Structures are given as structure tokens and as C-alpha cells.
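Undergrad: In order, the protein sequence lines correspond to chains G and R.
All the letters of the first sequence, read from the start, carry residue numbers 1 to 341 under the numbering used here.
All the letters of the second sequence, read from the start, carry residue numbers 1 to 410 under the numbering used here.
Quick caveat, the hints were computed from the structure, so don't treat them as lab data.
This one's a predicted model, so the numbers in the text were calculated from it and none came from an experiment.
Incorrect hints may have been included.
Listed next, the in silico DSBU-like pairs over lysine-lysine satisfying Cα-Cα at most 35 Å (straight line) [claimed, not checked]:
id, chain 1, residue 1, chain 2, residue 2
1, G, K110, R, K297
2, G, K109, R, K55
3, R, K199, G, K110
4, G, K296, G, K109
5, R, K303, G, K105
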Amino acid sequence: MATYVQIDPTQKLEPFKAVKKIPLEEYFTSGHRTCQGCESALVMKMMAKAAGPRTIVLGSTGCMYVANTTYYSTSWVVPWMHTQLGSSGSAALGTAAALKALMRKGKMKKEPINVIAFCGDGGGADMGVGAISATLTHPDYNCLILLYDNESYANTDIQLSGSTPWGANTTFSTPGKMKRIMHRRWKKNMAGMMAAGHPECRYVATICMSYGLAGMNSIRKALTIGGPTFIHSLDPCPKGWDYDPYQSHEMGELAVNTGVWPLYEVEDGVLKLTGRTQQIAAGKIKRQPVRDYLLKQGRFAHFTNDDIDYFQSKVDAMWEKWLVPGVIPFRREVEEDHPPA
Amino acid sequence: MAQLATVLEDQRQTDETALITGSEAIAVACKLADVDVITAYPIRPYDTVMQYVSKLVSNGELDCEYIVAEGEHSQFEIVKHACAAGARVFCGSSGVGWMYAMEALTVTPALRVPMVAMVGNRALDDPGAFGVEHNDALTVRDLGWQLVWVDTAQEALDTALIAYRVSEDRRIFLPCAISCDGAFLTHSQALVQIPSQKKVNEFLPRYNRADLLLHPDNPITVAPQGNEDWVMEIRRQNYAAMERVSDVLREAYDHFERIFGRSYGNPFFEEFETDDADIVLMGMGTLSTPVKVAIRKMRKEGKKVGFVRMRWFRPFAAAELAECLSRFSAVGVVDRDYSFGSPYMSGVLATEVRSALYSAPGKKPPVVGFIAGLGGREVTVPDVERITEGVYNAAQGRPQPLTQWIGLRE
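Assemble the whole structure, with the sequences as input and the hints as a guide.
TA: Below, the structure written as C-alpha cells:
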């Protein structure tokens, strides 16, 4: 059968069966200087481990560039290259295109090489969304774009991004005497947008490294399936969210268990809720109140009960009113929105 | 029989002549250079080159990854990364498109990525104009790009091959932008000698990223945070690379002449009717057409006027140019660009020429700047005559403005 898409073979990365089956080799090691309790550094470590040694990583500007790759003390064992803040999509595409052309033309040894470009929420959900979107429309190139979302421009002093939750206190949205809520935008639904808007992208997933094995297997699936793929990881950030670093793991669990961060994957257009999210949707466990999540973080310390109720109502709507709960915010009828005064 | 076979083979290897535009000439160069990754995005007038590339790809004449990007920033970032992963690349833009790619243009030389790009020179917005101005390409003049202005379709093709050879030389590893005046060159057809693939292969070695290749067999970390500890040393390496370009360029032009049998003389600037000239005009790109016509006319009237066309703007051959200009009693620099607030409010080229002369040992002729042909306005023969009059006045020591706008509606 003739096909218009000519795709090179990928590495066949089977899912890790259990934590104890994960290899010991590290491809993101010492040398970085991320904050204590940094979940994004954990994501980098797990991502590199999941991908293995025959991988090229492109990193756009952000925490995981500035903190990980000080000159002469790189933490990367695999080849790594900086890319510009809004360029994760282009970096992945360009690198994958070069490998494809050079191998086809006999200028480089044929071999499946993983190409991963990562970006933060600033680089991915704000500046780089156009380039990521474009890359996800190019079915010929094998590459993964991983968005590590710590919900602010955390490297530049915690400024709000399009991925910062409603109402959060950031250095660009500090509560004051006249205005308690400075950040009045709801978090952008990146994974849903990427899944819904890119018909030829074969794999989109949300992960949280509090559930590390599932996260790593998601990365392995994204690299194996072929074509451009996208993973959005929610990474609790002690500095930006203002909590004790030892709570990072718990914070990720709370984001999932309160329903604020739904875990799912869309594979060849088929949506599957995963992990705890699947259990919540199936009614096996109850969603925890968002209060349990919000009040553990200093960035929401200025919230009144009204603010918390409003936040809860938006999360409830996400699960009860959306046509595809937790994923796509289409509704059957218009609903009024009543943010607190 | 063996002899006949050799003769036939030789015939296949000979050059062809074709009537093509400047844009098409560069597309042909991409094919001859066997470029691996090309990215396109539409903006007039450069985009004609990508229309030709598209045809070459669909007809199977050029085997490359041809990617239509969603904006110039991505367009240039994609090829930047492809080039870092070992691919020979081509890209291009015009006017504000080039500006939209500015961040990518900034990091490309800093990363020592030998990208070759075409700039179809176009006036920057606003107000909109499709016509030529040189301010677009000139915005990268301080960043480590090699910048060259070509005049004919033939020169465009030849310079593209030379650009790949010099940029990809491990001593250099810097990007090169080939400027083609919008419409006057991008869209104008001329007879072009298309060299045989055999000759091109002999001239242009395969791109070898060597120790900087981003590949699992060479697991390097590229462009980490250097900060005040190392950035200065790294900048100095770029400085040294740019310093080496002149010699590598000369080697390339010599070799080009030996293989292709076409000589450009001095690679850095072309001299026209300068042997006995009293005064000279200077400029870049297709300005040479009206200037050369006007000079032929004025010479018949007994005026000994010459023309120096700057070809390579970066690196700028300051010492050689100063030595050349010391032979004349005055110089008139015609800029198809502006630099508002610059010394004497002159255009960019005039300012550079004055700067080149200041520290030169020889005689320093007065330099008068002229701004002409902005937004694609035609520079006419009477315009050139008026410019020449001003330069003669300067030669005779008559006071006059150091910057004059020519062809302006008053």
C-alpha cells in the first residue's frame, strides 16, 4: 500500500515491568545544581533513563538549561544541545530531519536514534507553542517534545506563565492591598490542545513523576510509536510553589488525587485515562478537595474561602461538565462563570 | 572506442548555460551542493528560491528534507539544529521575515553553525514595501555572520558554492548570508553558466561537523551556561574565526578559478574603470547596473569616474579598501540603507568606509555619503550623475553635506 509518510524505524523500547527491572545506568547524573526537591530534575533523570544511551537531547532555555549545564560540569551523559526558549519544537524537528536525511543519503550510519526536546511551561505553553504545534503536524520525523511544567518561569524568579494556576502568587502577580488576585487567567490546557489539534500526532500524554514508572513507560511509548509525540509533565517546584522540599512527591500525588492534574494518554486518537485518574473517573476512589492541595502551598496562602470554592468549582466543572472530562473543555450548554470579587 | 567513451563522458561533465533568475541560480547551487535540509517560509522576494527548491525536490533532482516552517524563527532554528547534527543546510528570508528570525540569527554564529542563507533584500516595515533596502541583512553585521552582496545570477550561484566551502571549513564554522537585491536580482533573468556536478564535487568537500557533531557516538554538551567565567574566551574564538575568513576566502576563490575557469579578481570588492579614475563611487549589489551605465556615459564626456562595488561586507577588507581608495581624490558612497543617528547621519556602508580610512596609513580622500534607492526606488542614470557632481565638489574642497538623499520627492 502506498503511503505518503515515510518514517524511519524507531527503537523498540518495551515498558519496564516493575521498578526493580529499571536499569541502573544513568544518563543524567551529577553536575547539576537544581534546587533541593526539584521534580523537574527528576523528570530529566527518568527521561534519560527511559530513553537510553542512543539518544540526543535538546533543551530549551529554562531551569533545566540554566541549572543543569554549567560550563565544564554538564550532567548529561548523552549528547545535549541548548535551544532557544521558544524552539523546542524546531530543535526536535531539525535534529530529526538531519538524522533522516543523512542516513537516507548514506552520509551517516543507519540506526534509530531517539530525539527528545524538552521545554518548561514558559518555553512550551507560552513562547514555543507555535513551533511545538508545527512539529506535531510533521508525521515524517521521529521526535518527542517533553514539557516539564513547574507552573512558572521558575529560573528567572518565579514569574507567571500561561500554565500558572489561577490566583497564584508569583513575582509578576503579587497580592496587594487593592487586588488580592492578580493572576486571573486559568491554566492553559496544553496536552488537550496538542491531542485535539494534531490529527497525525500518534501519542500525547500527561504524566507526573510522583508516579515514576508510569512516567518512564509513557516516555518509552512516545519514542517507540514513531512520528512526533508530546508529553506534558506536572512538576511540583518547592521554590515557586512555596512548600518544604521534602513534600515534592506528595504534592504531585495531591495534584492528581484532587483532579487538578488528570493523567491520560491519547494513542492513535484513542483516549485512555491512566493511573489514579482512571480510578477516580471509574468511581473507585473519590477526588480529594482542592483545599488539601492549595493550602499546602505558599503561592495560594492569600486565598480566601471564596477563592478556594471558586477553584474547586472550576475543577468540578472539568470533571462533571466537560464533554471529555479532564481533557477537552467542550460543553453542551453555556455556563456562567462567577469568579470571586 | 575507449576514447569515444571518454569524449562522451567529458561532454556530460561540461557546463550548461541557462536563462534563470538570481533566486533560481541559488536553488541550482543548493542542488549542486547536495544540501541535506532546507526550510522555507513565504515572504517576498526571497521566497522565489524556495519555489524553485520545491520543484527540484518534487522532480527528484534534489534529495533533501524540505520543511515548510510556521514562521521564520522556526525556519532558522530548524536548520540551525540540523546543521549541528551534521547536515548541510540552506535557508533564507527577506525584510521583516529576517527580523522575525533574529534570535535564531543571533545564536547561529555563536554556536559555530555554518548555515548558508539567502537574503532577498527588502525594505523593513512600516510602511510596507516589497522593494530592496539593505537594512535587513545588515542587522546581523556585528554577530559573526559572513555577509556578501552579489550583483548577478552567475555571481549568486558561484558565491553560494564558495559560501558553503568557506563556512564549512573547520577553521571557520561561521554562517554566511548571501544578499540578493529584491526584484532587481531575485526576479531578473540572465544567462548563467551552470557548472557540472563533477567540478562542484571537486571544489566542495562534504560537510564534516567533526568534533562538534551532536551524535550518540560523540556525546558532547553544546552551549551550556558560560557566564562571566568563559563567555569572553568563547567570544574571542568567534573573533579569531572571523579573522581567519579572509585567507580562507582567498584560497576558495583561487581554487574556484582553477576549477571553474571564472575569476572574480579581488574577492572582497570589484573595481570598475578605476585605473585612471579621479573619483570613485561605491555601493553594493545591483546598484552597479545604473552606476556602470552612467560611468560609461560620463567617461564619454571626459569625466574620469570609477566604481568600487563592495562584495564582502563581513569580513570587511578595510586595509585593502583603504589602499585602493587612497588613489582617488574623493569617494562617494551610495547606501541603499539608513542608519538614523549614526555619525554624520550616513548610511551603514559610508560609515564603515570612513572608519576603514581613519586608521589607514595612506592618503584619506573625503567621503560623501548618499542615500538612494530606498524601498526599491530605481536609482537612475541622472541620479548617478548628480551623485558624481557632489563627489567632484568634495574633491575640489567645496563644502557640502556629508550625507545627501538622492532621488527624493521634495
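Undergrad: For each hint, tell me whether it holds in the structure or not.
TA: Hint by hint, here is what the structure shows:
1. Proposed proximity of K110 of chain G and K297 of chain R is contradicted: the alpha carbons are some 62 Å apart, above 35 Å.
2. Of the supplied pair hints, the one linking K109 of chain G and K55 of chain R holds, its CA atoms being roughly 29 Å apart against a limit of 35 Å.
3. Straight-line distance between C-alpha atoms of K199 of chain R and K110 of chain G comes to about 29 Å, which keeps the hinted pair within the 35 Å bound.
4. Simply put, K296 of chain G and K109 of chain G have alpha-carbon atoms about 52 Å apart, too far for the 35 Å limit, and the pair is violated.
5. Taken as a hint, the K303 of chain R and K105 of chain G pair is broken in the structure, with Cα atoms around 58 Å apart against an allowance of 35 Å.
Of the numbered hints given earlier, the model fails hints 1, 4, 5; all others are met.
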